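Residues per chain, in single letters:
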Amino acid sequence: MSKYKWLVPTIYIIFLMLPIYWLLNMSFKTTTEIINTYSLWPQQFTLDNYKKIFTDSTWYNGYLNSIYYVVMNTLISVSAALPAAYAFSRYKFLGDKHLFFWLLTNRMAPPAIFALPFFQFYSSINLFDTHIAVALSHCLFNIPLAVWILEGFISAVPKELDETAYVDGYSFWRFFLKIFIPTITAGIGIAMFFCFMFSWVELLLAKTLTAVAAKPIAATMTRTVSTSGYELGLLAAAGSLTIVPGAFVIYFVRNYIAKGFALGRV
Amino acid sequence: MRKTVNQKAWFFVLPVFVLVAFNAAIPLMTVINYSFQETFGDNVFFWEGTRWFKQILQSDRFHGALGRQFLFTFIILIIQVPLGIAIALSMPKKGMGVSVCLVLMSMPLLIPWNVVGAMWNIFALPEIGFLGHSINALGIDYNYTQQPLAAWFTTILMDVWHWTSLVVLLSYAGLCAIPDAYYQAAKIDGASRWSIFRHIELPKMNKVLTIAILLRFMDSFMIYTEPFVLTGGGPGNTTAFLSIDLVKMALGQFDLGPAAAMSLIYFFIVLLICWVFYNLMMRHEEQS
Amino acid sequence: MSKISLNNLSHSYLDQQNNDQDWALRDIDLEWSNGGAYALLGPSGCGKTTLLNIISGLLRPTKGEVFFDEKKITHLSPVERNIAQIFQFPVIYDTMTVFDNLAFPLRNRGFSEDKIKARVKEIAEMLDLSQTLYNRASGLTADGKQKISLGRGLVRSDVNVIMFDEPLTVIDPHLKWILKSKLKELHQEINRTMIYVTHDQTEALTFADQVVVMHEGQLVQKGTPVELFEKPKHTFVGHFIGSPGMNILSCELINGKANFSGAAIEIENKPISHKTYSKTQIGIRPEFVSFSNTGIAVKVLKVNDAGRHKIIDIECDGGKLKMISSVATTIPSGTAYVKFNSKYTYVYGDDWIVGK
Chain S
1 MSKYKWLVPT IYIIFLMLPI YWLLNMSFKT TTEIINTYSL WPQQFTLDNY
51 KKIFTDSTWY NGYLNSIYYV VMNTLISVSA ALPAAYAFSR YKFLGDKHLF
101 FWLLTNRMAP PAIFALPFFQ FYSSINLFDT HIAVALSHCL FNIPLAVWIL
151 EGFISAVPKE LDETAYVDGY SFWRFFLKIF IPTITAGIGI AMFFCFMFSW
201 VELLLAKTLT AVAAKPIAAT MTRTVSTSGY ELGLLAAAGS LTIVPGAFVI
251 YFVRNYIAKG FALGRV
Chain Y
267 MRKTVNQKAW FFVLPVFVLV AFNAAIPLMT VINYSFQETF GDNVFFWEGT
317 RWFKQILQSD RFHGALGRQF LFTFIILIIQ VPLGIAIALS MPKKGMGVSV
367 CLVLMSMPLL IPWNVVGAMW NIFALPEIGF LGHSINALGI DYNYTQQPLA
417 AWFTTILMDV WHWTSLVVLL SYAGLCAIPD AYYQAAKIDG ASRWSIFRHI
467 ELPKMNKVLT IAILLRFMDS FMIYTEPFVL TGGGPGNTTA FLSIDLVKMA
517 LGQFDLGPAA AMSLIYFFIV LLICWVFYNL MMRHEEQS
Chain V
555 MSKISLNNLS HSYLDQQNND QDWALRDIDL EWSNGGAYAL LGPSGCGKTT
605 LLNIISGLLR PTKGEVFFDE KKITHLSPVE RNIAQIFQFP VIYDTMTVFD
655 NLAFPLRNRG FSEDKIKARV KEIAEMLDLS QTLYNRASGL TADGKQKISL
705 GRGLVRSDVN VIMFDEPLTV IDPHLKWILK SKLKELHQEI NRTMIYVTHD
755 QTEALTFADQ VVVMHEGQLV QKGTPVELFE KPKHTFVGHF IGSPGMNILS
805 CELINGKANF SGAAIEIENK PISHKTYSKT QIGIRPEFVS FSNTGIAVKV
855 LKVNDAGRHK IIDIECDGGK LKMISSVATT IPSGTAYVKF NSKYTYVYGD
905 DWIVGK
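Protein chains in written order, with our numbering: chain S, 1 to 266; chain Y, 267 to 554; chain V, 555 to 910.
Source of the hints: derived by calculation from the structure; they are not laboratory data. Careful: at least some of the hints might be erroneous.
Okay, derived cross-link-like pairs now, SDA-like style, lysine to any residue, Cα gap no bigger than 20 Å in a straight line [stated by the list, open to error]:
no.: 1; chain 1: S; residue 1: Lys-97; chain 2: Y; residue 2: Val-542
no.: 2; chain 1: Y; residue 1: Lys-269; chain 2: S; residue 2: Trp-148
no.: 3; chain 1: S; residue 1: Lys-97; chain 2: Y; residue 2: Leu-546
no.: 4; chain 1: S; residue 1: Lys-5; chain 2: Y; residue 2: Val-542
no.: 5; chain 1: Y; residue 1: Lys-360; chain 2: S; residue 2: Ile-13
no.: 6; chain 1: Y; residue 1: Lys-269; chain 2: S; residue 2: Phe-176
no.: 7; chain 1: Y; residue 1: Lys-473; chain 2: S; residue 2: Thr-105
no.: 8; chain 1: Y; residue 1: Lys-473; chain 2: V; residue 2: Asp-648
no.: 9; chain 1: Y; residue 1: Lys-470; chain 2: V; residue 2: Pro-727
no.: 10; chain 1: V; residue 1: Lys-738; chain 2: V; residue 2: Pro-727
no.: 11; chain 1: V; residue 1: Lys-811; chain 2: V; residue 2: Ser-896
no.: 12; chain 1: Y; residue 1: Lys-360; chain 2: S; residue 2: Ala-219
This structure is a prediction, so every number in the text was calculated from the model and none was measured.
Given the sequences, and given the hints that come with them, work out the whole structure.
Take a look at the structure:
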């Protein structure tokens, strides 16, 4: 039985790659070819779809907007979470356990219930259709996650490090920035990875809070289906390109993932 | 670690508190506000008491969506958890294959959710999609835009494709944490493969499985984008889960009152189930 | 019960071996008779766990054979060899009671419940676990859990060899002694071959009838604790055993006689005259160095009072030495002379004892 064990992950991975392959397949075909002929690979290979996306600003702006607010959100979330996670790890204070739990409950709220209130709220403070609005709204889910992850890593660093620095005469912020943060770079990396991931894939709020100026690629893609007819080839190319940042990030952290598992730390 | 008592720690926590409260409290207040009132526009509100809550809790439409949601989440958990564990068990613990496996398996998790929906939308179409075309080629009449059963099948398959890897990765992490000595001792004791799973692997994966089940429950119960892009809730409203129904009401029909009431009810259901689950898990941990 | 023989055993964790370092074990030839208590002693990384795992069947050796009595068992699985192994940290089945833990190996082999119950009770009695028999195994202390591990090994009456891989590592110091005595007691009671792997010489020397010392994958010496102490066959053994260890200093081998610190020294072993070595050393234990009126000129550096005896640091032309003398001895000040008890003075060539 163990001889065929490798079959299981192999079949699973093939299953995972199929829809992605199909998307890539279609992205290199013209829409006419897609509708008229069914084939497993492009009969007339074309790069037109990709060309359109790279040259038409309505398209590539979608990507830029998305990347912009995702990076913003990641930076805000992790920067705010760092001191908070430190506090949760090292100190006892009034309401600390309740606060921690409250943070986690925000992760449990269905985003759908925030769609309308966020729409009205951000409109009322004139932040509708801005990148910062999306970045801030994603904080609701990403900050609790970042705090939870960072707290785990910070708690693994012995308090003796802090005390030694204090005895050596470091001011708190100098200690925190120069000594402490370098010890938890793995944790910061992981927190940033997850923030990036959740912000990049979340689209209900991103769509709700934007119209034109900060429109993420998701909204642009839905437009293709309704207005310009069924531009499947273009849609497929746009979709394929959204997979690229994710694949990139995963490629860079692949060693950490494997190492993390090897060390047995969840 | 011994924590020192220090109320000044609140300063550290302040940015987080402000950002999250800002995003949570304000909408929540708005929602609570709306749930008790009626408006005909122009920012004029009339107090309605618990009328919206009663209306929602008694509405067939809500019951329908809630029922569908529970069914969906139930099926998802039943498939994804055992499948995820099984795949994790079959993965090698060391060697070159490991990082390749992990990287490829993580890919579905990083695709924007609307792209997932769009991908499957096309993938499952009878004429131009690989899946749709293949199933029909086998002789089965399959069209998810018109048949409720096909729509459910496609939605579930899509979610399995999308999220099983999360269970796999978490289970795999739990498995890797088990020291070799346990397997060696089991070998010496003459334990069967099933015994090893039941008495060593499963207990030791307890924590990660709890996280995995909790996450999958929450996320599948709140699911919106993928099924919306795939089926739009149809055909008809056969795949209209709670979130889809709620957004239709709030942003589509602008029925603010009922939508707000439904939001609160929705949130409390999730909170309740999570709380129950969390307590069960804590009690189980205390016992051991 | 079995006689264990290892023939020409070598093992490497790498696919290809280019030099000595690539081998975890090199050319081990060993024979252990029935029912003895043996220790495998050596520092971390010397290959003792590898050797243990080859004997128990958890590892297949790259080269060589393992025999139980006359039967070749190199390719048999652990279950087929009827061995028991206790690991560094307690390995128990958390979800089961102590009773079920002990019964587990028997249940897997299909024994009847009555037989199982009787046997488990017997073993629990032996290990003082009867009180906690129906508690959850995960609730016991570390030493209790190790006893459960041990119990799972003993519960099978046909077990041939019981192997211990540094089992006291996680036990509290004051409980270590109790557990050690228990092990010795058990060995006398059930009379099965026991192999105890450790890096702690006290554990090894008190538990075992015969100790095997390993160093860098090789078997360096096998003998009783006394033999190892009095006649180390390798400088490593001299070093490792005894506290403080043997004094090992360079010397010269001229015409079959040892020359140290400018003088000829009487040695116990007779070197083979035509053999040459890249390194020759002389070894003498501190216990066998004493003050005298003539001999090697030394300067007394420091006297350490160790309660029962004194440890004295001395220096001569050949290097620094330690010696042990009784509390009553007067220590000469300034220059003094020491002599080596020739019966326990040896010459080592390239770390191995020279000649016979």
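Structure-based check of each hint:
A C-alpha spacing of about 18 Å is found between Lys-97/S and Val-542/Y, which places the hinted pair at or below 20 Å, so the restraint holds. With a C-alpha separation of about 17 Å, the suggested pair Lys-269/Y and Trp-148/S falls inside the 20 Å cut-off, and the hint holds. The straight-line distance between the Cα atoms of Lys-97/S and Leu-546/Y is roughly 19 Å, inside the 20 Å bound, and the hint therefore holds. About 37 Å separates the Cα atoms of Lys-5/S and Val-542/Y, which puts this hinted pair outside 20 Å; it is violated.
Only pairs whose Cα atoms come within 20 Å are accepted, and Lys-360/Y paired with Ile-13/S is accepted, the gap being roughly 18 Å. For the hint linking Lys-269/Y to Phe-176/S, the alpha-carbon distance of about 17 Å falls within 20 Å, and the restraint holds. Between Lys-473/Y and Thr-105/S the alpha-carbon distance is near 19 Å, which keeps this suggested pair within the 20 Å criterion. Restraint check for Lys-473/Y and Asp-648/V: satisfied, since their Cα atoms lie roughly 14 Å apart, inside the 20 Å limit.
Between the alpha carbons of Lys-470/Y and Pro-727/V the distance comes to roughly 28 Å, so the proposed pair goes past 20 Å and is violated. For the hint linking Lys-738/V to Pro-727/V, the alpha-carbon distance of about 17 Å falls within 20 Å, and the restraint holds. With a CA separation close to 12 Å, the supplied pair Lys-811/V and Ser-896/V stays within the 20 Å bound. With a CA separation close to 42 Å, the supplied pair Lys-360/Y and Ala-219/S exceeds the 20 Å bound.
When the structure is compared with the earlier hints, violations turn up for hints 4, 9, 12 and for no others.
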